[in-house]
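Those protein sequence lines, which keep their order, are chains E and D.
When we follow my numbering, the leftmost residue of the first sequence carries the number 1, and every step to the right adds one.
When we follow my numbering, the leftmost residue of the second sequence carries the number 1, and every step to the right adds one.
Quick caveat, the hints were computed from the structure, so don't treat them as lab data.
A virtual CB, placed ideally from N, CA and C, is assigned to each residue, including glycine.
Do not take every clue at face value.
[Said to hold, decoys possible] Coverage of chain D stretches by chain E, computed from C-beta distances (three or more under 8 Å per stretch; other residues unrestricted):
no., segment
1, 10 to 17
2, 115 to 125
3, 146 to 158
4, 301 to 315
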Amino acid sequence: MSAVRSLGRALRGAGRFLRRDKKALVGSIILFVLLLIAIFPNWFTPDNPAAEIYTPGAGLSWAHPLGTTSFGQDVFSQLMAGTRQSVFIALIVGLLSTVLSVVIGITAAYSGGILDDVLSLFTDVVLVIPTFPLIIVITSYVKSASFWLMVAVLVFTGWSYGARQLRAQALSLRNRDYLLAAKARGESTWYIVAVELIPPMTSLIVANFLGAALYAILAASGLQFVGLGNINTQSWGTMLYWAQNNEALATGLPLWALAPGVAIAVLGSAFALLNYAFDEVANPALRPVAGLARRRRRWRPGAGAGVAATQVARPEVNA
Amino acid sequence: MRYLVRRVGFLLVSLWAALTVNFLIPRLMPGNPAEAMMAKFHGHVNPSALKALEVAFGVNTHESLAAAYVAYIGNTLHGNLGISTSYFPLPVRTVILRALPWSLGLVGVATVLGFVIGTAIGAIVAWRRGGVLDAVVPPTFIVISAFPYFWVGLLFIWLFALTLNWFPLLGGYSETASPALTWGFVGDIAMHAVLPAFTILITSIGGWILTMRNNMITVIAEDYVKMARAKGLKERRILWHYAGRNALLPNLTGFAMSLGFVISGAILVEYVFNYPGVGFMLLQAVQSEDYPLMQSLFLLITMAVLVAIFLSDIATAILDPRTRSST
């Protein structure tokens, strides 16, 4: 019963959040539409995206809203069919690297001591080693990286930023009274972490998921673009690979190369907009201030920030 | 002082980690393709060079992993990076030294410019919070920062090089130009650098704007900013000398942490523009299966990022007394 009630409360909260925040609303709508296309690509295109059955290099028409490729494939069909792999890789990598971030970040913060030192050092080292050259080197040995290999490599290189942020927030919560009270009650560590520590961190965890998903779609399409993914599957990145290798721009087929990039940018923007909105939930000082422009004439900058900033613990500059 | 020691320590640990990863990757991958490469080498290179390659890639090893590891570290520290297969018989070091100035010029200038301009815009946007600028700039750059770097490059090529013919299409300089230190050649290089530099600038600047804006919003609420205003100081002085200076510090740390992302994007930008820097060379090495060159470039790019991070840590220490006194 209480589970149903708290679910209802969460849904109402999400509804309020979306009504208030336009960035979150736009991001959610984009994500919803793309998810729909990813799950049911056939609703949006009856064509076989790989079939080379049309006039090669055709321009825009009702039959081919984005023209055809120089092989005679329909660009729009390819775009719809490629949605699945691109959206799924973003969501799966986002999810798995967030899980890894939570486990490592919270373990480090909660256990403290030497384990914290070791995990933090490991996190920082993974964070500073530039990921894309590393991914290039790893995938180059495999020639064409399968979907799951790419997921594994992206998760392995994408968790560290989140772990660092989550550790910092968990550290600031660790010695709060309500956690000490739970400890004094004799609750188990699992209970304290799952019920007392993680719920207040939800918005930061969600923000991390969105950041990791954005990283995944950009890195995955970059890899596929240079031919390190499986070039025989349908995705936006491999579309770009084929367009680039057949000089789509120079041969008068710019839409072949530009359309998949727009699709990546739209998906990426959805993650980035939602990420920013969740940032504002986690840090109330960043929230847009209504009616500030009018008030500012009397009391110039930072008006409103002065009020809001008192509500949050300001992060100290750490060494 | 303690801070400095810790940062030097971290630099060394991360360098060692990069070296070790570089050593392990060829050995962990199934069906070491470096073996095929070695076969091509037999009889073409002198025995000592072949031995160094075998150590680097774990081929024909009668020696233990530990011994190979020690030999590999020694070779790398002496700058002995092996022989490039695609530029045979040139040593990897010579090949890399050709590409390095192009990347340092393009990526270095574009990254630093992006950071400086982005930080300034971020400070101004936060200062005019709730105004028109603040309503337009952050959402615009949130969206732009989600664009793939290489795709922005493709768009620019199509728009400015192919359609409008304002800038040259590809490469670092015209093939007809004779490389000499004349104004004409320097101008030619500059014209070729405009589009790739602008691509890196426009896609990386958003990150600096947004973090600086957020830092500024926190700093502006501080008492000393109110105090400065109460003293009747000029707006501009409060903005740059009081608030901006302090908001800059976390942004410097942010610069260090996101440098890797910028460099990663720059690799693809070089690739799209066929720009003769290390990023383009890395992807060419991958395509021609030149593993010694590829691994050395990975190491070089990683080291460049690690040293840049170290320098920004040192800059933070100089600018922020708190890091020097804290434990």
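Here is how each hint holds up against the structure:
| no. | hint | in the structure |
| --- | --- | --- |
| 1 | 10 to 17 | holds (count 4) |
| 2 | 115 to 125 | violated (count 0) |
| 3 | 146 to 158 | holds (count 10) |
| 4 | 301 to 315 | holds (count 5) |
Violated hint for the displayed structure: number 2, the only one.
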